[in-house]
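Chemist: Chains A and B, in that order, give the protein sequences. Be aware that the first sequence starts at 3, since it is given in this note's numbering, and climbs by one per residue. Be aware that the second sequence starts at 3, since it is given in this note's numbering, and climbs by one per residue.
Note that these hints are calculated values from the structure, not bench results. Every residue gets a Cβ at the ideal spot worked out from N, C-alpha and C, and that includes glycine. You may find that some hints are simply not true.
To be verified - Here are the simulated EDC-like pairs of lysine to aspartate or glutamate, each with C-alpha atoms no more than 20 Å apart in a straight line:
{"#": "1", "chain 1": "B", "residue 1": "K94", "chain 2": "B", "residue 2": "E292"}
{"#": "2", "chain 1": "B", "residue 1": "K48", "chain 2": "A", "residue 2": "E61"}
{"#": "3", "chain 1": "A", "residue 1": "K8", "chain 2": "B", "residue 2": "D202"}
{"#": "4", "chain 1": "B", "residue 1": "K261", "chain 2": "A", "residue 2": "E257"}
{"#": "5", "chain 1": "B", "residue 1": "K8", "chain 2": "A", "residue 2": "E257"}
{"#": "6", "chain 1": "B", "residue 1": "K48", "chain 2": "A", "residue 2": "E62"}
{"#": "7", "chain 1": "A", "residue 1": "K8", "chain 2": "B", "residue 2": "E220"}
{"#": "8", "chain 1": "A", "residue 1": "K8", "chain 2": "B", "residue 2": "D122"}
Said to hold, decoys possible - Going by beta-carbon spacing under 10 Å, a handful of chain A positions derived as facing chain B:
{"#": "9", "residue": "M110"}
{"#": "10", "residue": "K346"}
{"#": "11", "residue": "K347"}
There are 2 protein chains.
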Amino acid sequence: MIPFAKRMEYMAGSATVIKNLFKAMGDPETISFGGGAPARETLPAKQLAQICSELFSSEEYGARMLQYGHPEGEKELREVVSEYLLRPKGVKAEPDEIMIVNGGLETMNLMCQVFIDPGDVILVEEPTFVHCVEIFEMFEARCVAVHTDDDGIDPVDVEAKIKQYHPKFVYVIPTFQNPSGRTLSLERRKKLAELGTKYDVIILEDDPYRDIRFEGEEIPPIKSFDSSGNTVLANSFSKIFSAGARLGYVNAAPEILEKLYNAKTATNSQTNTTLQLICAEFFRRGLFEELLSKTRALYRQRRDVMLECIDRFFPEGTKRTTPQGGLFVWVELPEGYDTTELLKKAGEYKVAFIAGEAFFTDGGGKGKNCMRLSFGNVPPENIRIGMERLGKLLASEK
Amino acid sequence: MIPFAKRMEYMAGSATVIKNLFKAMGDPETISFGGGAPARETLPAKQLAQICSELFSSEEYGARMLQYGHPEGEKELREVVSEYLLRPKGVKAEPDEIMIVNGGLETMNLMCQVFIDPGDVILVEEPTFVHCVEIFEMFEARCVAVHTDDDGIDPVDVEAKIKQYHPKFVYVIPTFQNPSGRTLSLERRKKLAELGTKYDVIILEDDPYRDIRFEGEEIPPIKSFDSSGNTVLANSFSKIFSAGARLGYVNAAPEILEKLYNAKTATNSQTNTTLQLICAEFFRRGLFEELLSKTRALYRQRRDVMLECIDRFFPEGTKRTTPQGGLFVWVELPEGYDTTELLKKAGEYKVAFIAGEAFFTDGGGKGKNCMRLSFGNVPPENIRIGMERLGKLLASEK
């Protein structure tokens with residue numbers, strides 16, 4: 003047997019969580035609140051039928067769509083990111099300060115390639131996104147959890163832990179956080195950007211849910227308060243265009259972007275030219291705003307139904323978040339429930355969720371009575387049925 | 003300044019080569035024999051206009067094209083790989099022994115994630131593909147060059163160097179090698195597979211040009227002689243469907259594939275669903291064979307023109323390979339020429355190539371009088387003009 007690299011030992015746990023998740027999503031009778039998939043109804047298939055037909059037939063684009071492009075991404079899409087997605091949010095980024103990647107997660111991988119040596123510390127929210135923890139583990143980083151509350155990650159604890167652990171990154175999902183659905187307050191955003199500058203630490207801002215706000219006021223990205231270039235903004239087209247297209251982008255200071263460019267060429271050369279040009283054309287035809295309004299209205303309704311069902315079907319003493327956007331509700335059941343154990347029985351009840359423990363990096367049974375529920379890709383009538391099933395599952399336990 | 007990871011120090015050299023290459027490809031007046039891009043005429047844009055229009059409009063595929071898929075790749079495309087691309091070559095691989103990746107190079111990155119610790123040795127051909135060396139360097143592997151001749155990599159030297167260096171991989175491009183255009187003989191393929199088994203070393207077979215054979219007899223992949231699962235077959239759709247689509251695949255033993263799957267989810271979750279389904283449909287409609295005949299005829303003509311031009315315009319004493327397929331001719335100029343120096347003047351002559359030195363990992367000025375010429379994406383009339391320019395550049399030196 004040829005020995006595997008050392009880094010493979012570190013990632014066994016979270017890889018299994020993700021694999022089981024994909025398995026549960028495969029059973030058509032199960033109503034899954036597990037994955038973070040966008041609503042089927044928000045995917046612009048009809049519009050792309052038209053756009054693809056035109057672009058592939060055109061003299062200007064036809065062959066270019068299928069030829070090698072540029073490691074930093076196609077100019078058209080970098081312009082779209084700059085004009086449609088960053089400028090309106092208060093982030094001034096020229097197209098050449100942006101790189102296109104294969105989905106939002108790839109940025110975390112590339113940032114690790116560029117910055118993480120084995121043993122380096124990354125501060126993460128508690129709870130945080132399990133899939134990113136998997137990436138950090140593969141690079142043999144040590145994740146240290148930071149205290150969070152209803153306003154998001156706590157800057158006082160961030161500063162204390164920067165001093166104690168000298169981390170390379172503070173990884174934060176500021177808006178409609180995964181898994182909690184919570185949003186980082188304006189004041190804390192400013193404070194985080196300042197801490198990045200003061201202590202020379204990367205604030206790695208992962209913001210894929212930002213545009214799906216259906217309630218409350220928009221808050222500018224942390225990056226908009228960055229004076230030193232130490233905040234790196236990662237984002238994705240998965241929730242606002244297509245998850246299957248695997249398109250994302252990163253905005254970073256030139257000296258970081260240059261290294262990301264090297265890591266990108268040594269990972270997969272470039273993101274595919276085809277979908278970049280299709281996506282850019284979708285925005286340039288003015289189709290984004292309409293899709294976004296539709297998307298927001300649809301998720302708002304689903305969230306409302308889910309919150310109503312939690313209040314109705316879940317046991318007394320259950321706590322839950324009230325997300326103003328995004329796809330996730332975080333549920334804290336009364337003490338004594340063990341969602342990891344519950345999940346083993348969930349198959350019988352034809353319902354799925356993610357058990358809370360997976361989102362905690364420190365172990366010790368934290369999050370044992372918690373679960374993440376995604377209302378994104380479940381129609382309202384199925385949310386009702388699925389949540390009633392979940393209620394029965396919970397009732398069977400006590 | 004936040005310190006970069008140690009691995010970033012190792013990749014500066016080859017990253018620069020690749021960056022300059024992209025730059026040269028950008029000037030429209032320059033005739034570039036530099037990149038390995040497929041011929042514009044072989045890209046099936048018209049067919050994809052039709053396929054995309056139908057798939058995006060269909061009830062079955064529309065939303066699925068834009069939704070999350072599977073980390074191992076979509077079943078349809080893995081079936082295509084198994085039936086159309088591997089079985090006819092003598093490689094029996096079920097769809098679940100195949101993983102889809104973002105272009106052929108991503109397999110090398112994932113294989114390094116899975117197997118390479120800093121300091122591990124990888125045996126490579128001399129010369130070898132510069133872009134893969136960049137990847138190996140990022141993982142802090144040590145590349146050791148193995149002797150090659152007109153029949154490809156020399157198994158006697160491979161065995162000697164396995165004993166001496168205990169490498170993790172032998173990285174080999176067996177068919178119409180990049181950069182030399184040479185093909186590994188049948189006997190040597192068998193021998194390499196045996197060495198992988200005997201010494202428990204991965205034979206990493208990278209075979210993207212295999213199908214573009216326009217002369218001579220087909221030779222089965224090394225993988226077809228693998229009895230232990232120690233040969234890993236990496237391939238790409240870049241030269242037979244679309245380079246811009248960034249689709250590739252890997253066929254490996256289950257225990258390796260499982261780790262590759264973990265590395266893939268921690269790199270970018272999955273390859274985009276959209277282009278996988280489009281590509282699968284292209285094959286399923288029987289469009290591949292026709293495209294392939296057209297492609298072979300077109301490259302054959304371009305090779306012929308290029309060889310003729312070398313013999314006509316290049317100085318006496320020039321040696322060249324006679325590739326039976328693929329995209330590349332390897333040229334060895336008489337002693338005294340320095341192609342790295344020549345390249346600096348090539349801009350004036352509006353012509354580009356890759357200087358030989360880049361393809362040698364041992365340094366010491368090897369390949370100084372060599373160059374790689376790609377005839378792939380240059381129409382015959384431009385090959386003539388560009389090669390005459392190159393001839394003048396060479397004449398100016400002596």
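Chemist: Are there hints from earlier that the structure breaks, and if so, what are their numbers?
Modeler: Failing hints, ascending: 1, 4, 7, 10 and 11.
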